[in-house]
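Protein chains in written order, with my numbering: chain A, 1 to 248; chain B, 1001 to 1248; chain C, 2001 to 2248; chain D, 3001 to 3248; chain E, 4001 to 4248; chain F, 5001 to 5248.
Bear in mind the hints are in silico, worked out from the structure with no lab data behind them.
Ideal Cβ positions, reconstructed from N, Cα and C, are used throughout, including at glycine.
Just so you know, not all the hints are guaranteed correct.
Facing chain C, according to a computed beta carbon distance under 8 Å, are these residues of chain B, among others [stated by the list, open to error]:
#1 1001
#2 1002
#3 1005
#4 1075
#5 1185
#6 1189
#7 1244
6 protein chains.
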Amino acid sequence: MRLSEATWTDVSDLAGETDIAYLPVGSTEQHGPHAPLGTDAFTAEAVADAGAEAYDGEVVVAPTLPVGVAAEHRQFPGTLWLSPDTFRDTVRETATSLASHGFDRVVVVNGHGGNVDALREVTGTMTREDDVYAVAFTWFEAVGDYGSEMGHGGKLETALLRRVAPELVRDDRIEEARDGGSPRWGDWNAGVNLAHDSAEFTENGVVGDPSTGTAEVGEELLELAAASLARLTSAVAERDVSRPDRRE
Amino acid sequence: MRLSEATWTDVSDLAGETDIAYLPVGSTEQHGPHAPLGTDAFTAEAVADAGAEAYDGEVVVAPTLPVGVAAEHRQFPGTLWLSPDTFRDTVRETATSLASHGFDRVVVVNGHGGNVDALREVTGTMTREDDVYAVAFTWFEAVGDYGSEMGHGGKLETALLRRVAPELVRDDRIEEARDGGSPRWGDWNAGVNLAHDSAEFTENGVVGDPSTGTAEVGEELLELAAASLARLTSAVAERDVSRPDRRE
Amino acid sequence: MRLSEATWTDVSDLAGETDIAYLPVGSTEQHGPHAPLGTDAFTAEAVADAGAEAYDGEVVVAPTLPVGVAAEHRQFPGTLWLSPDTFRDTVRETATSLASHGFDRVVVVNGHGGNVDALREVTGTMTREDDVYAVAFTWFEAVGDYGSEMGHGGKLETALLRRVAPELVRDDRIEEARDGGSPRWGDWNAGVNLAHDSAEFTENGVVGDPSTGTAEVGEELLELAAASLARLTSAVAERDVSRPDRRE
Amino acid sequence: MRLSEATWTDVSDLAGETDIAYLPVGSTEQHGPHAPLGTDAFTAEAVADAGAEAYDGEVVVAPTLPVGVAAEHRQFPGTLWLSPDTFRDTVRETATSLASHGFDRVVVVNGHGGNVDALREVTGTMTREDDVYAVAFTWFEAVGDYGSEMGHGGKLETALLRRVAPELVRDDRIEEARDGGSPRWGDWNAGVNLAHDSAEFTENGVVGDPSTGTAEVGEELLELAAASLARLTSAVAERDVSRPDRRE
Amino acid sequence: MRLSEATWTDVSDLAGETDIAYLPVGSTEQHGPHAPLGTDAFTAEAVADAGAEAYDGEVVVAPTLPVGVAAEHRQFPGTLWLSPDTFRDTVRETATSLASHGFDRVVVVNGHGGNVDALREVTGTMTREDDVYAVAFTWFEAVGDYGSEMGHGGKLETALLRRVAPELVRDDRIEEARDGGSPRWGDWNAGVNLAHDSAEFTENGVVGDPSTGTAEVGEELLELAAASLARLTSAVAERDVSRPDRRE
Amino acid sequence: MRLSEATWTDVSDLAGETDIAYLPVGSTEQHGPHAPLGTDAFTAEAVADAGAEAYDGEVVVAPTLPVGVAAEHRQFPGTLWLSPDTFRDTVRETATSLASHGFDRVVVVNGHGGNVDALREVTGTMTREDDVYAVAFTWFEAVGDYGSEMGHGGKLETALLRRVAPELVRDDRIEEARDGGSPRWGDWNAGVNLAHDSAEFTENGVVGDPSTGTAEVGEELLELAAASLARLTSAVAERDVSRPDRRE
């Protein structure tokens, strides 16, 4: 059930049937010359919807939070970003709102790499301190071998966009996107990424090769991600989420 | 230009053409048994799009923030809310992101009464302390005489929904919505609203009569709101937004 | 009972007799060339005292907080201001102190328009989260038809000052005050005040016509405000202030 | 010049004449059965006024902040307290307001022992980080040998009250106050006060002997405090308040 | 140069010679029945010292921060933890102190996995907002193939302890440590760790096999880590750390 | 028991035996040309260890926090400092971690004058709001008559260093240290220290005469401090630390 489209009485009728909610979170940030700024929100939302469909049970899907932790892309026009603190507060307060209505097992469905650290932190904090159990699922970490090909505006994101919002991929700029990008995220030495901004290592914002991101790959990615999310949801539904006892 | 759908290169091409951005903000909260929880986000976004269309010039329309200041509705299932502090931080950081790219005259386009105080505060704070000029426009305060008929899930919101998302209005619950609602927002004495929660004065969350909210009224509301927003945008574009000199 | 003048044993003796406290809040800010910077504190305190007198029961009157939310007047020499956050924290902590002693129905008695939004927010927050019920009463919103004549350092405030602190009104500057002022608060377009600072629309800080603010009007205003406050106090004393049940 | 009673034009006329402001801060807290809760505010204000009078030059005296850091007295009815953070923020924002108008050498005139630590911290922070130089003067630390007789509601405060607000001292409870009090503040071991609340060591809130606090002593205390404050003001006016150079 | 052991004049003499500082950060948390709570601080400090030795140039080594982000181990007696916010603030203020003295390229030398996310965030924030460039080096991510064998209190940490603080390894509990531990960190499903506390997946706090952590391995680890850190330090020293230009 | 060197099972075994913990806190700041920046941490740790030894009972000694409130020394190279807020948060979270394991009577063992105010505040706050009783012991306030000779890098600190870390005292700079120092801390007028930075009153950072700080004096100081701390610990162990009842 998409929360935004439901009435409060619909939600009330659902009470007792499920305690699972999805909270999709994206980002509004550069994705190269060929892919829209809203890529991470579009993909997160699509995966959440597909996961809810794939899951054998009812799930409340909250509205997608469109702005995330993206200061690293701020040199590129149009990028929006929250401080990590504000992002965490937004996720935490939204998730605890959901929990107050009985949906106290929350899976954050994430579409942006820059959100990962903050989400790991805030889901841990919530689980320990609030009346909610929360985990964060990032779709491109759950698509099997494809995971290793994740870049930025590269194969995976371009492919998934072709599946969920094909009109927003600029076909005529794919080659330019590929040629002006970088093969790798970051600038590494001794296990440390020396770059704090993507503009330090990619000229046009792209990492990877978007030309390989076909609609077929996109279809497959959505299926893989939805299946993973559904499987995770079952695990979350069945898990004992009480905190462990102190060791003596 | 809808920011989410543009690429960073599109935004770059726009540089110099405009310094105006809209930031739509809604809420996810009960709107009676007949109207969806996302009402305020849907209407804010529709008004922002229509205003951008009506304005004689270019405007960047940021993605809609779907969660607002709505603790007053928290007794109704499905309502989500941010603390006013987090809401202000979110608006401020998003608006200053826009300003960093040259869109430093920001009109927040608001669809929710509960956001009004926080938006007045944060747009003032931003204008004084950051490199941005910001004001908040609330559509139902700019639709002429209709303004006086604003309730909650009542005539105005139901009408506008019939225009922008008709499939989400539950026709079969309109009468129930009207009959179980309240004629007035709040519980007043000596100029003071004694109620801090809507559940103190409305049984089903409705204030006003949704049955009078026809698609025709909705059409008119959207036109009035868009025209007001376009007019405001012109005024914002032309205004001297430097801060006044100290009086001596 | 004025708290500042009472001993703790006096307060202890009052225990059980009343659970009502008033917390007067003002501002120290420009009020034109003829009226003192402390106007809002003087008037709030006077109204609180008069209301306590008019109310048929006992009330604890806390000391007046003299600095409020007034950054909008900061271009005028002598204006002091708190950030809205600090103002809210001050009000909240003072009110919860009162509640800890059994005075857990707190009426904030306000003399300054710039405080209104912050007070609405913080009284709501306190009522929901702390062991206290709080509302904010702003005297010039409860003086009947006079309310529409409220400006800034205009008829109403000048009149009330003539009643409560006549020696502080500069008679010889009343005409100058009137002539250099503005007829209206703000600079409006499409329901939006484009001005964030009073210096954007008033040369000398005045809004309205102070020359019509006679001592007779002041007398009447104090009576009206006190009667309103007393009536409100009765309503607060009798109200069921428990939070509503969740809707199912 | 008392800021609350001045108009902004009066303050403007003062520009250039002085850069000194006093900010009186008190507390609203138990002072035994014989002395009012507002003791620290009354005395701080009186000392500030007397110091301004004694100083050979002009001083702007801000309104008195009536609530301070007093959680240690919260077991006694009527005591109000701010968290140290809120207290510091209030002092800092008020003082920087003063500085924005040219009064950028601020002497906080303090009447409450519980404020001392927080004031030392915040005046240091302001001096380092804001465009203001600030120090905190606590009157009972600047009255010569009398200083050693400071208790709580004891000789010194009772005496000064008899001088500045005699009608608020309850003569008929002086003996009771003395007999039910404590000879010493705190409960000490190895240089550490083990008590965090005054109720841990005084039954009725008094420390010291109020019966020795005559009006004559009060007169002398006010003169001593005013002379000290005036002397300090001269030193502040003449001091090089720029921050030292880094050592190389 | 170990900062704690130097005098300010020693540091002054170093000015101009280097702009590199190390800031070791550890944690005080359970490391199984055989390894001390201070393991992460001891190892971080040892690696920092060894790296400074290996680096061909001068480095200032700040004192080791002994408490980190470790709430996930709080069910085990003796574990200390800071909130991630306080940990970030501590690191940021310490690093900007270093930068104020000219050591404005700071390498945080980290010994604890739970600190990694917070350090990545805060070094990014500092680099963008403060006058400092900072990165975080975590020793067990820079020891070649050994990295894959990192557990908790397992082979790597036990080995390095045997090298740097052998007297603190309890030989007689190594078998018990191994047998009561877990082979893997976390409880994974679809790329998500469902466990937020280590007590959810390890009985005695150990992950991995400490019995394989010999002193020889420890020696090798220290050399590998020191070499990596020295190499990183050279890269940091030579890097253009100015922020990239905005893309147009 | 030194917490850093213990395993969690050691700590578990101690459960029930003691509820006392020491938390040593120092500072990393200039101590003149002859004494190391880490002086306050070294001395605090030594006193904590000696106190634990002297106390007739078991005590858990937490790791030493090496950075404190020291902005007043920031003009001297190498000085590190936390904001008072971050310092308080660090102490509070560390102490409440200790309390969560049953060590809920915490004595902060302090070696730095600049920490004193912040520690008094935070131990009070913790005792009132958290499940812990805390006090702060500053060693040089508990060494009898020696206390009056405390300066900065002067007799007392130099002496104690000679006892606990003699290799870190630069003998060849003692005379220079003495001659370039100041006889007194601060710049006083009317009971107020007009200086906010030590560089306002001492050229080389020293206050007092380090040449009188012999190892014999150091020995005596350590014994006096340890005896005081042990005595305090007994008092803390036996004290009724419940908060007092409200006065009626």
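Verification of the hints:
Interface hint status for residue 1001 of chain B: violated, as the beta-carbon distance to the closest one in chain C is roughly 22 Å, over 8 Å. For residue 1002 of chain B, the interface hint is violated, the least distance from its beta-carbon to any beta-carbon of chain C being 22 Å, above 8 Å. Evaluation of the residue 1005 of chain B hint against chain C yields a violated restraint, the C-beta minimum of about 26 Å exceeding 8 Å. Satisfaction of the interface hint for residue 1075 of chain B is found here, the shortest Cβ-Cβ separation to chain C being roughly 5 Å, below the 8 Å cut-off.
Because the smallest distance between the Cβ of residue 1185 of chain B and any Cβ of chain C comes to about 13 Å, over 8 Å, the interface hint for this residue is violated. Residue-level restraint check for residue 1189 of chain B holds (minimum Cβ-Cβ distance to chain C is 4 Å; threshold 8 Å). The closest approach between the C-beta of residue 1244 of chain B and any C-beta of chain C is roughly 4 Å, which is under the 8 Å cut-off, so the hint is satisfied.
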